[in-house]
Amino acid sequence: MPPIRNHYCHHDSPKKDRFIGAVKAGLNISQAANQENIPLPTAYALFHKYEKTGSTRCLPRSGRPPKATEHTKGQIVREARKYRRKPFAALGKSVEPPISESTVRRILSKEGYHRRVARRVPYLTPEQKKARLTWAQVNRRLGDEDWRHIIWSDECYIYIGGTPGRIYVTRRSDEILQENSVVPTFKQSPVRVMVWGCIMWGKKGPLVVLEYPGGKGGGMNSQRYKEQVLEPFLKDFYKEMVELRGSVKFQQDNSPSHTSKSTKLWLTSHSIETFPHPSSSPDLSPIEPVWHELKVHIHALPHLPNTLDQLKVAVYYAWNALTIEDINKHVRHMSDRVEAVLKAKGGHTGF
1 MPPIRNHYCH
11 HDSPKKDRFI
21 GAVKAGLNIS
31 QAANQENIPL
41 PTAYALFHKY
51 EKTGSTRCLP
61 RSGRPPKATE
71 HTKGQIVREA
81 RKYRRKPFAA
91 LGKSVEPPIS
101 ESTVRRILSK
111 EGYHRRVARR
121 VPYLTPEQKK
131 ARLTWAQVNR
141 RLGDEDWRHI
151 IWSDECYIYI
161 GGTPGRIYVT
171 RRSDEILQEN
181 SVVPTFKQSP
191 VRVMVWGCIM
201 WGKKGPLVVL
211 EYPGGKGGGM
221 NSQRYKEQVL
231 EPFLKDFYKE
241 MVELRGSVKF
251 QQDNSPSHTS
261 KSTKLWLTSH
271 SIETFPHPSS
281 SPDLSPIEPV
291 WHELKVHIHA
301 LPHLPNTLDQ
311 LKVAVYYAWN
321 ALTIEDINKH
331 VRHMSDRVEA
341 VLKAKGGHTG
351 F
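Residue numbers (UniProt numbering): 1 to 351.
What the hints contain is simulated information worked out from the structure, not anything from laboratory work. Do not take every clue at face value.
Subject to a maximum C-alpha distance of 35 Å in a straight line, what follows is the list of computed DSBU-like cross-link-like pairs (lysine-lysine) [stated by the list, open to error]: (1) Lys86 x Lys129; (2) Lys249 x Lys312; (3) Lys295 x Lys329.
Bear in mind that the values here come from a model prediction, so they are computed numbers and not experimental data.
Make a model of the complete structure from these sequences and hints.
Structure, rendered in structure tokens:
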């Protein structure tokens, strides 16, 4: 026999209360039902419910018991944290009895977990993490004025297109830099044009589009670095900054062309004091987000460049469009970068 539906639940509470009040005032059920325009079968059911419960409110329906127990929910959360890239459908099949993808989504959503794009970050070895931590401990004592006496330099690939595919992981919003929630990136990139530039607090240094053959043995080496960067650009800029600010240090990453004996000898012979920088740590240099600003300017052009010459022109145009505040706003957060490395124990930061 099919269950009897409680039709009186479809009437609003004031109407039901008036109906009960009319019956208690002396009207019979039929008269009170007619007065409130309630079907007679519904009126009888409503009055009997009131006699039994003392209320006209609808009681919560029992419904089907939830398929996922508290134990199952705990399993799903643990599995999602352990295997961040596993799809919801696969997570649902990993428990017994299996549950649907939508159920998994509801369980994880209540715990703050959602499918999000994994951030791409440089791969860090244990040794590199240790070096980053040591760097932060040594430089924690530096104040804002100290950071303003450093020339920050870097190379950057600029290319149009080649957007990498997205990888989704399951995480909370505060787990963006968990080891198993990020996608390591390695030093490989499709080459279109490579530039070198430098910045300093309150100063935009020179930018140059590098020229080299490419291919095996045709990349940036010490000789090209000295001929295209150090001699024609850095030497004069460093001298100018020393005259303006006194003590100045030069920062560069640990690319082979930067750390070779010949490059070190050149820097020493020109009395250029260097500032150490840990490997695979673009997040510890304020010029990294400046490259992002540069690319934003390029991609905002009315017509994107489609030849090498056009791209070179666009790069110089975008560099000239950068303001001093575009530089200063990143340099002023160097102390925050140091604290972030200390907090992450040498791991990835949010910069």
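Practice problem: Provide an ascending list of the numbers of those earlier hints which the structure does not satisfy. | Solution: none
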